[in-house]
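Protein chains in written order, with the working numbering: chain X, 90 to 304; chain U, 231 to 668.
Think of the hints as simulated: they come from the structure by calculation, not from any bench. None of these values were measured; they are calculated from a predicted model. There may be inaccurate statements among the hints.
What the hints assert, rightly or not - Derived DEER-like restraints, expressed as beta-carbon distance ranges:
id: 1; chain 1: U; residue 1: A505; chain 2: X; residue 2: I197; range: 50 to 60 Å
id: 2; chain 1: U; residue 1: H488; chain 2: X; residue 2: A113; range: 40 to 50 Å
id: 3; chain 1: X; residue 1: G199; chain 2: U; residue 2: Q499; range: 16 to 26 Å
id: 4; chain 1: U; residue 1: R252; chain 2: X; residue 2: A116; range: 56 to 66 Å
The beta carbon of each residue, even a glycine, is placed where N, CA and C say it ideally should be.
Take a look at the letters that make up each chain.
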Amino acid sequence: MSMTRVLVVDDHAMFRSGVRAELAQQAGVEVVGEAADVDSAVAAVAAQQPDVVLLDVHLPGGGGVEVMRRAPSVEGRPRYLALSVSDAADDVIGTIRGGARGYVTKTITGPELSAAIERVAGGDAVFSPRLAGFVLDAFSGVIEVAAVDEDLDRLTEREREVMRLIARGYSYKEVAKELFISIKTVETHMSSVLRKLQLSSRHELTRWASDRRLL
Amino acid sequence: MRPGPRTCDDGCDMSESPPVRRAYRDTETSIVGGVAAGLAQHLGARVMWVRAFFVATAVLSGFGVLLYAALWLFLPAAPAHEVGSPGSESATRGGRRPGRIRRLTDAGPAVALVALGFGAVLIVESVLGIGTLFWPVLIAVVGVALLWRQADEAQRERWLDAGGRLDLIGVIFGRGGWAAYARVAAGALLVIIAFGLFSLRGGSASDLGRLTFAFLLGVAGIAVILGPWGLKLYADLTAERAERIRTQERADLAAHLHDSVLQTLALIQKNSTDATTVARLARAQERDLRSWLYAEDASPDASIAAALRQVAAEVEDAHGSGAHSLAIEVVAVGDGPLTPRLLPLIAASREAITNAAKHAGVARVDVYAEVGTDPSSVVEVFVRDRGTGFDLDAVGDDRHGIRDSIRARMERHGGAAEVRTGPGEGTEVRLRMPQGGE
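Bound conformation, chain X alone (with noise of 0.2 Å):
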């Protein structure tokens, strides 16, 4: 298997050598760049074409979606991991509504961060413990088919079970072991929810969003 290209975009130049220090030790990631503010960012992934960007949500130049929105995207790649200090919920979801396919903060270990690298370059969702309960607070509320017209304005029974589970501190595999479904399963479900996450036209989610203040 070749190795993930993996750019690091974040506005602290300590960080940036940490997490490269940190990848160097793990087999299957390369990276291959390094930016600290919007513009450079948008030119490192235009020049490197690198598979998954690692991409901080507070920086210079209007945030990591302003990366997600102005740089080139060449057949879906780069995919987008955002990593962030911020827990602050607007700015989590507003990077996913934004494109990036999963979030952790930046206190996750070498080995979980090379996990979740290898999981975005492979097309999946990232979730965190702390991503899930955004994700079951945003769509919170009583289900009532006949009450929701869209499929993409909620989540189904099953998916919320697996958010509740990752929420719960769950891996994959322990979700897929306490459901009695498989891994690749719990990915499909994963992604739906990501997929929901991004489109949905909600009338919750959006005014949850602008709530505060993301729309």
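Here the structure of chain X is known, so what remains is to put chain U in place on it, guided by the hints.
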């Protein structure tokens, strides 16, 4: 090392009764004064309909204009400083977060409304004939509207600028810029033109009675022009005082935190050979800073989620110094008031978290709480670790933790507790407690 209790601002006495829903002008999505946008938000209607209502009633005898003007006067601007935690606000100011995106659709309705308004003017003209009064009045209204809008903008900017004192130029021109000057100049000019037009059409200005009348009109005009500033000034003074108190409070907290960071750094230097101590210190400090920078303002004795976070932090501090470091992740979905009925749940959670911290032998404990929005629903708390686990049946009678502190306590208060564990499988404690009334 935790920041002290936050002083209470005007939200305190509201904790008893549900807070009153107030209408505000939404100055961020405004076309003229944000009245329609604010009303739409308050009434839960679509903003386009509200705007259409104002335009339609404006055509009918000008009622809409009057109503709009009155609402503009009496509705306060949405308090901009309630937005965001200090960390997010700072990131926004530094341009490290996306700002509000002005979409093109925002311009569309505005153009349509202007066109409609122009049409309305033509209709009125054709019905009434070219009135002597009509154009002067229209021009004057537009001029005054421009001036008021400028005063409004100045108000908004002062809110965004946290520390500033009141200065007069700032009151009139906001942060300056050609747009602000042009708006004030255009407004003043329009009002003057209106008076000029009126006096020209009104016949000879040399007439004494007319002159007095014109003078009085002039005075009234000046009052109208300066009125908004007087009013806004009054409103601003109150808002600014609140903001200043908040700023001072934050400055104190920041100083407190910086101090605690210094202490932590000193401790880390002293203990630099002891990895777990360093990790524990760093973790505790990280938690403090994070909660200050990004957490919502909630005191631990008021909300379920905040109480659980507090418990987790205390356990982390107390048990993080053993053979391994300890991180307790709390994820809460929904939140609710911490009623006396829920206190046993919090106590049982503390017991479960402490057990996990003491016996599981792992660095990470996940706590998940789900609080339904419905007051009759159940609050659920899950405490999970991936540690050694144990054989539930083999727990000796002398160990009271699970039996008394968790299960019996929950059942006594109408809740339920379930423990799932096995040697080598980790442990999960599930707690349920109805939220409902006494």
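Results of checking the hints against the structure:
1. For the hinted restraint 50 to 60 Å between A505(U) and I197(X), the CB-CB distance of approximately 18 Å leaves it violated.
2. Between H488(U) and A113(X) the Cβ separation comes to about 34 Å, which falls outside the hinted range of 40 to 50 Å.
3. The given range of 16 to 26 Å is respected by G199(X) and Q499(U), whose C-beta atoms sit roughly 25 Å from each other.
4. For R252(U) and A116(X), the hinted distance range of 56 to 66 Å is satisfied, since their beta carbons lie about 58 Å from each other.
In summary, the numbered hints that this structure violates are 1, 2.
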